[in-house]
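Novice: As a plain string of letters, each chain reads:
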Amino acid sequence: NAGVMQNPRHLVRRRGQEARLRCSPMKGHSHVYWYRQLPEEGLKFMVYLQKENIIDESGMPKERFSAEFPKEGPSILRIQQVVRGDSAAYFCASSPARLAGVVTDTQYFGPGTRLTVL
Amino acid sequence: KQEVTQIPAALSVPEGENLVLNCSFTDSAIYNLQWFRQDPGKGLTSLLLIQSSQREQTSGRLNASLDKSSGRSTLYIAASQPGDSATYLCAAPTSGNTGKLIFGQGTTLQVKP
Chain R
1 NAGVMQNPRH
11 LVRRRGQEAR
21 LRCSPMKGHS
31 HVYWYRQLPE
41 EGLKFMVYLQ
51 KENIIDESGM
61 PKERFSAEFP
71 KEGPSILRIQ
81 QVVRGDSAAY
91 FCASSPARLA
101 GVVTDTQYFG
111 PGTRLTVL
Chain V
119 KQEVTQIPAA
129 LSVPEGENLV
139 LNCSFTDSAI
149 YNLQWFRQDP
159 GKGLTSLLLI
169 QSSQREQTSG
179 RLNASLDKSS
189 GRSTLYIAAS
199 QPGDSATYLC
209 AAPTSGNTGK
219 LIFGQGTTLQ
229 VKP
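For the protein sequence lines, the chains are R and V, in the order given. The working numbering numbers the first residue of the first sequence as 1 and each following residue consecutively. The working numbering numbers the first residue of the second sequence as 119 and each following residue consecutively.
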């Protein structure tokens, strides 16, 4: 059973370009979470998605950032018009479907995408 | 609002020593708590998940405890090895049962041969 896959592992963009980060959850997992780790800072939650639904986007910056998890294919975190402050490691995690409405299972993390904005 | 704090921020020990990493959280109404390991430039590896109904969990040389009433969790590493050198993160879910995790800043452990 393959783990959480993220690509690319490293991404370099110039200011003003768009960055697209992809995450394929573990097989059988229907919940996806995106976290950001800024240099010298801890991991911060960004967004929680299920298939075709955004459940919680309270950690997403209001502008330039968007996320989706379509019925088919990977989850995508999209950053438009990147700025140097967007340089960070972006991690995706997945977990199985909830049991009786309660998330009790561990979240499995991918290797991350390290975004560098020049 | 859930806040998670880890102390110490860094720890250096000689090989073979037993050690304890501390994690505290402000909202005791959690349904689980997770400990992760992160190697430099890498992703997170889940070490232990403790459900709210449990007091501790063990995996090999690792033992994690959870005391909801005091808002504390500890990760005990027995007979430390150089390969244990990494950053250890604890994470607690935020209230609202969305699965969203709040992470501590981590404890960076160095085990010297």
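Treat the hints with care, as some may be off.
[To be verified] A few chain V residues that face chain R, going by a derived Cβ cut-off under 8 Å, partial list only:
hint, residue
1, 158
2, 160
3, 162
4, 221
5, 222
6, 226
7, 228
No lab work stands behind these hints: they were computed from the structure. Backbone N, C-alpha and C define an ideal beta-carbon position, used for all residues, glycine too.
Novice: Which hint numbers does the structure go against, in order from smallest to largest?
Specialist: Those not satisfied are hints 1, 6, 7.
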